[in-house]
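A.B. asks: Spelled out, the chains give:
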Amino acid sequence: DGGITQSPKYLFRKEGQNVTLSCEQNLNHDAMYWYRQDPGQGLRLIYYSQIVNDFQKGDIAEGYSVSREKKESFPLTVTSAQKNPTAFYLCASTDRSGANVLTFGAGSRLTVL
Amino acid sequence: AQSVTQPDIHITVSEGASLELRCNYSYGATPYLFWYVQSPGQGLQLLLKYFSGDTLVQGIKGFEAEFKRSQSSFNLRKPSVHWSDAAEYFCAVGANTDKLIFGTGTRLQVFP
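For the record, the sequence lines run as chains A and B.
For the first sequence, this note's numbering gives the first residue as 207, with consecutive numbering after it.
For the second sequence, this note's numbering gives the first residue as 123, with consecutive numbering after it.
Since the hints were made in silico from the structure, they are not lab data.
Bear in mind that the values here come from a model prediction, so they are computed numbers and not experimental data.
Where a beta carbon is used, it is the ideal one built from N, C-alpha and C, also for glycine.
Be careful, since some hints might not be right.
[Claimed, not checked] Distance ranges between label pairs, derived from CB positions:
1. A:Ser-228 with B:Glu-137: 25 to 31 angstroms
2. A:Thr-317 with B:Ala-123: 43 to 49 angstroms
3. A:Asp-236 with B:Phe-173: 17 to 23 angstroms
4. A:Asp-260 with B:Asp-130: 28 to 34 angstroms
5. B:Leu-178 with A:Ser-303: 21 to 27 angstroms
6. A:Ser-228 with B:Arg-191: 29 to 35 angstroms
7. A:Pro-245 with B:Thr-134: 14 to 20 angstroms
[As the list claims (entries may be wrong)] From the derived model, a few chain B residues whose C-beta atoms are all more than 12 angstroms from chain A:
8. Leu-222
9. Phe-224
10. Gly-225
[To be verified] Once the Cα atoms are required to be at most 30 angstroms apart in a straight line, the calculated DSS-like pairs of lysine-lysine come out as:
11. B:Lys-190 with A:Lys-215
12. A:Lys-263 with B:Lys-221
13. B:Lys-221 with B:Lys-190
14. A:Lys-215 with A:Lys-277
15. B:Lys-171 with A:Lys-289
16. B:Lys-221 with A:Lys-277
17. B:Lys-190 with B:Lys-171
18. B:Lys-183 with A:Lys-263
19. A:Lys-215 with A:Lys-289
20. B:Lys-221 with B:Lys-183
21. A:Lys-276 with A:Lys-215
22. A:Lys-215 with B:Lys-183
23. B:Lys-171 with B:Lys-221
24. A:Lys-215 with A:Lys-263
25. A:Lys-277 with B:Lys-190
26. A:Lys-215 with B:Lys-221
27. B:Lys-183 with B:Lys-171
28. A:Lys-276 with B:Lys-221
29. A:Lys-263 with A:Lys-289
30. A:Lys-277 with A:Lys-263
31. A:Lys-220 with A:Lys-289
32. A:Lys-263 with A:Lys-276
33. A:Lys-263 with A:Lys-220
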């Protein structure tokens, strides 16, 4: 079945360490997105990519980095510069056909110890 | 400023009761409107969407929503709630996927 796979599901990190969250999709979607979810704050856009080798900052990009070397993959690195990285991270994609419907992965929960 | 408001943080209903979750938005023009549902520790699943046309839209799992332009609202309804509907519900609006604005969510609890 087509979908989005995020890994790991749970991740623990010490302060000062970078960590990379994986997002892979087999939906042949062009656009991919990373959201951060905190309790009571809904979803906030970190980065998005409309096409391979191109990406744009979202509303809260500081302390994060991404790459888009393949259409299927859009990894997110949470750097040590991110002051409050503990959160639930969601990856999504869309085919940009005009439907504007996002398909989401199951999420990765990052906890900084 | 563009925004989405879900005024109810937490709603509790009895199984079999009707449900209405509120969503109000502020946007320059009529945006695309969405309702998503999220089970604990999971991603979001699309319930329904409104782009244009009939202002009453039907979605999955027996949900429906009505777009009211004059009230800038897109409330979600279900005539009879099931225990499996317990989850968090998010309203989202935007002119395109790159600029979607999500509400803060409403957590639904269902009592037997």
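A.B. asks: Take the hints in turn and mark each one as holding or not.
C.D. replies: Going down the list of hints, with the structure as the test:
| no. | hint | result |
| --- | --- | --- |
| 1 | A:Ser-228 with B:Glu-137: 25 to 31 angstroms | violated (39 angstroms) |
| 2 | A:Thr-317 with B:Ala-123: 43 to 49 angstroms | violated (33 angstroms) |
| 3 | A:Asp-236 with B:Phe-173: 17 to 23 angstroms | holds (19 angstroms) |
| 4 | A:Asp-260 with B:Asp-130: 28 to 34 angstroms | violated (39 angstroms) |
| 5 | B:Leu-178 with A:Ser-303: 21 to 27 angstroms | holds (24 angstroms) |
| 6 | A:Ser-228 with B:Arg-191: 29 to 35 angstroms | violated (42 angstroms) |
| 7 | A:Pro-245 with B:Thr-134: 14 to 20 angstroms | holds (18 angstroms) |
| 8 | Leu-222 | violated (7 angstroms) |
| 9 | Phe-224 | violated (4 angstroms) |
| 10 | Gly-225 | violated (6 angstroms) |
| 11 | B:Lys-190 with A:Lys-215 | violated (39 angstroms) |
| 12 | A:Lys-263 with B:Lys-221 | holds (11 angstroms) |
| 13 | B:Lys-221 with B:Lys-190 | holds (22 angstroms) |
| 14 | A:Lys-215 with A:Lys-277 | holds (22 angstroms) |
| 15 | B:Lys-171 with A:Lys-289 | violated (35 angstroms) |
| 16 | B:Lys-221 with A:Lys-277 | holds (21 angstroms) |
| 17 | B:Lys-190 with B:Lys-171 | holds (14 angstroms) |
| 18 | B:Lys-183 with A:Lys-263 | violated (35 angstroms) |
| 19 | A:Lys-215 with A:Lys-289 | holds (21 angstroms) |
| 20 | B:Lys-221 with B:Lys-183 | holds (27 angstroms) |
| 21 | A:Lys-276 with A:Lys-215 | holds (22 angstroms) |
| 22 | A:Lys-215 with B:Lys-183 | holds (27 angstroms) |
| 23 | B:Lys-171 with B:Lys-221 | holds (16 angstroms) |
| 24 | A:Lys-215 with A:Lys-263 | holds (24 angstroms) |
| 25 | A:Lys-277 with B:Lys-190 | violated (38 angstroms) |
| 26 | A:Lys-215 with B:Lys-221 | holds (26 angstroms) |
| 27 | B:Lys-183 with B:Lys-171 | holds (14 angstroms) |
| 28 | A:Lys-276 with B:Lys-221 | holds (23 angstroms) |
| 29 | A:Lys-263 with A:Lys-289 | holds (17 angstroms) |
| 30 | A:Lys-277 with A:Lys-263 | holds (18 angstroms) |
| 31 | A:Lys-220 with A:Lys-289 | holds (12 angstroms) |
| 32 | A:Lys-263 with A:Lys-276 | holds (18 angstroms) |
| 33 | A:Lys-263 with A:Lys-220 | holds (25 angstroms) |
Violation of the numbered hints given earlier is confined to hints 1, 2, 4, 6, 8, 9, 10, 11, 15, 18, 25; the remaining hints are satisfied by the structure.
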